[in-house]
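Undergrad: Those sequence lines, one after another, are chains A and D.
Count the first sequence with this note's numbering and you get residues 1 to 340, in order.
Count the second sequence with this note's numbering and you get residues 1001 to 1340, in order.
One or more hints might be untrue.
Quick look at which bits of chain D chain A covers, simulated, 3 or more residues with Cβ under 8 Å [to be verified]:
| id | segment |
| --- | --- |
| 1 | 1012-1021 |
| 2 | 1056-1067 |
| 3 | 1109-1115 |
| 4 | 1210-1221 |
In silico SDA-like pairs for lysine to any residue, Cα to Cα no more than 20 Å straight-line [said to hold, decoys possible]:
| id | chain 1 | residue 1 | chain 2 | residue 2 |
| --- | --- | --- | --- | --- |
| 5 | A | Lys-256 | A | Leu-246 |
| 6 | A | Lys-272 | D | Tyr-1209 |
| 7 | A | Lys-256 | D | Lys-1275 |
| 8 | D | Lys-1272 | A | Lys-137 |
| 9 | D | Lys-1275 | A | Lys-137 |
| 10 | A | Lys-275 | D | Ala-1243 |
| 11 | A | Lys-137 | A | Gly-264 |
| 12 | A | Lys-137 | A | Ala-243 |
| 13 | D | Lys-1195 | D | Tyr-1209 |
| 14 | D | Lys-1272 | A | Val-270 |
In short, the hints are calculated from the structure, not lab data.
Note that CB positions come from ideal geometry on N, CA and C, so glycine has one too.
2 protein chains.
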Amino acid sequence: MEVTVAVDCMGGDHGVRVTVPAAVEWSRRDSGCRFVLVGLQDQIRAELQRAGELSSERLRVHHATEVVGMDEAPANALRGKKDSSMRVAIDLVKSGEAQACVSAGNTGALMAISRFVLKTLPGIDRPAIATMLPTLKGHTHILDLGANVDCSAEHLLQFGIMGAELVASVEHKSRPSVGLLNIGEEAIKGNEVVKEAAVLLRASGLNFYGNVEGDDIYKGTTDVVVCDGFVGNVALKTSEGLAQMLATYLREEFKKNPFTQMLGLLAMPVIKSFKDRVDHRRYNGASLLGLRGVVIKSHGSADAFAFGFAIEHAITEVRTGVLAHISERMGALERKVKPA
Amino acid sequence: MEVTVAVDCMGGDHGVRVTVPAAVEWSRRDSGCRFVLVGLQDQIRAELQRAGELSSERLRVHHATEVVGMDEAPANALRGKKDSSMRVAIDLVKSGEAQACVSAGNTGALMAISRFVLKTLPGIDRPAIATMLPTLKGHTHILDLGANVDCSAEHLLQFGIMGAELVASVEHKSRPSVGLLNIGEEAIKGNEVVKEAAVLLRASGLNFYGNVEGDDIYKGTTDVVVCDGFVGNVALKTSEGLAQMLATYLREEFKKNPFTQMLGLLAMPVIKSFKDRVDHRRYNGASLLGLRGVVIKSHGSADAFAFGFAIEHAITEVRTGVLAHISERMGALERKVKPA
């Protein structure tokens, strides 16, 4: 299936230096992909040239005159920058010229513009940010990661449905298990919203596992972990901080003296193989789920290797029809609650 | 300063086999410590004998006929087991026979019984669970870790005060910095309660740093990190899960083939030194802060080495007068809000 991806080339810490090479690389790897490279055309063309490519049918440059700053207020970006690379890339999804948008830009702005331009799918009140994390068993998908800080039980139910349909589609799992992030496995624990959400999830027809705790994320207890955006964001950032601390400590231990340095050199292939398994770059690309269009957020600091994974997520979501699956499931739930 | 610690000898996964040897070890190390060993006296005496000790002035056995189960409902333990080792140990703090209680038992029951028997300090609505975590700069203290799932801004303020006084006392820091766990550094981010808490913390006279994010915990950005119990519990459990996954992966990589196994053996001292630095056993012992008495919760799975750290926390908190410092600060705040 032919897929056209609109790339916000100006977003992220490194802009065109990362986004353009990643798109070029993918266009070479997958002949069924087309890219619309959105942003300041001179910069984009210079990068294309550096990569030995010319603007073509499969790598089309679409000029946009403005850039959304990484720290810009979302409202500002939404109202004040109608010709930003981010806005234009999303507009291309709205108009159907592209099926997906990938951006490493300002998360808040990307969410605000996506909601405004694309709107949410029927039955979805709020889009959520979902990402994949490595686990002892493979990987899991967790949402929301920060789009929604004050969630109702109904929102958490919708996140569960979206997460389950995401996994069902992109991983071809028939009934992915869904866990509700809580602070104890017993049903009596947790705050009021979470308790209510558990009741809704249990009645939803999803393969609801029940409550899971923080350590279940990395144990891989369920295919999907549902939580509100505040909790999800803290869990994710805490993980990043811990991983960085452990990596620093390990490095320091191997650098202690000439003997440990030599050991470090010898053990390099082992350490490298270990690092590859948990390389966060391989997990780059969070889905803004629940919109009428595929929008993928790359980490702002992503390199071209990492940005490529965000592009891959976009392509996979389009090809496996995640949005149609979510709509279908929401429709079925609607009919169940209010039979015609 | 002479300190008497009441040890709930029956709590935890290993009961007397862990609690008694740890108390014996401490009684030998610190001649200013006395222990009241509470629980089934036959079991305790047998363990004392095994450790080459007899019941003495410094290791007094206090018989208690009941044991609180690790999964028992807190209300059950509170109402139905007046002669449990946990209850009696806390009663000893109430009566002044001991200055602190250490238990590896059921957290919910320990909190419920402590609140009921000891009551909270003036100005403190709810006790919080605080623990120390390793960071890139040393360590930080985080609270609450699960005692309070639906917190108001005032509760978070109280946690900030208690955390700051804890660090000021036990680490002799004059103005420990306090961070508020949030999902973005900008003041506009976060949920309503957290935004309101930031205003209160800023006006409190504490050395308030402002918002911190999940990764700041392990960066060691502040001496104290304040959050509600739901978020804190998820952050802690997520960290445990991630650390376990990384340890498993590293082990697997070193076990891959004979060559990597040999490397693993050679690198053993480096790995061991690394593990020691982040050994969670050294961080064992969470404070139930805000009660009219020192109560320390050990991890249920703690071994004697880890339980010893929980005992050490108890002794340090008594000797440095944490409770008096918290009361003083709460009094000062009260006078500031409502001047006489």
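Undergrad: Please go over all the hints and tell whether each is borne out by the structure.
TA: Now for the hints, and whether the structure bears them out:
no. : hint                      : verdict
1   : 1012-1021                 : violated (count 0)
2   : 1056-1067                 : violated (count 0)
3   : 1109-1115                 : violated (count 0)
4   : 1210-1221                 : holds (count 7)
5   : Lys-256(A) x Leu-246(A)   : 15 Å, holds
6   : Lys-272(A) x Tyr-1209(D)  : 37 Å, violated
7   : Lys-256(A) x Lys-1275(D)  : 15 Å, holds
8   : Lys-1272(D) x Lys-137(A)  : 26 Å, violated
9   : Lys-1275(D) x Lys-137(A)  : 23 Å, violated
10  : Lys-275(A) x Ala-1243(D)  : 14 Å, holds
11  : Lys-137(A) x Gly-264(A)   : 28 Å, violated
12  : Lys-137(A) x Ala-243(A)   : 19 Å, holds
13  : Lys-1195(D) x Tyr-1209(D) : 14 Å, holds
14  : Lys-1272(D) x Val-270(A)  : 17 Å, holds
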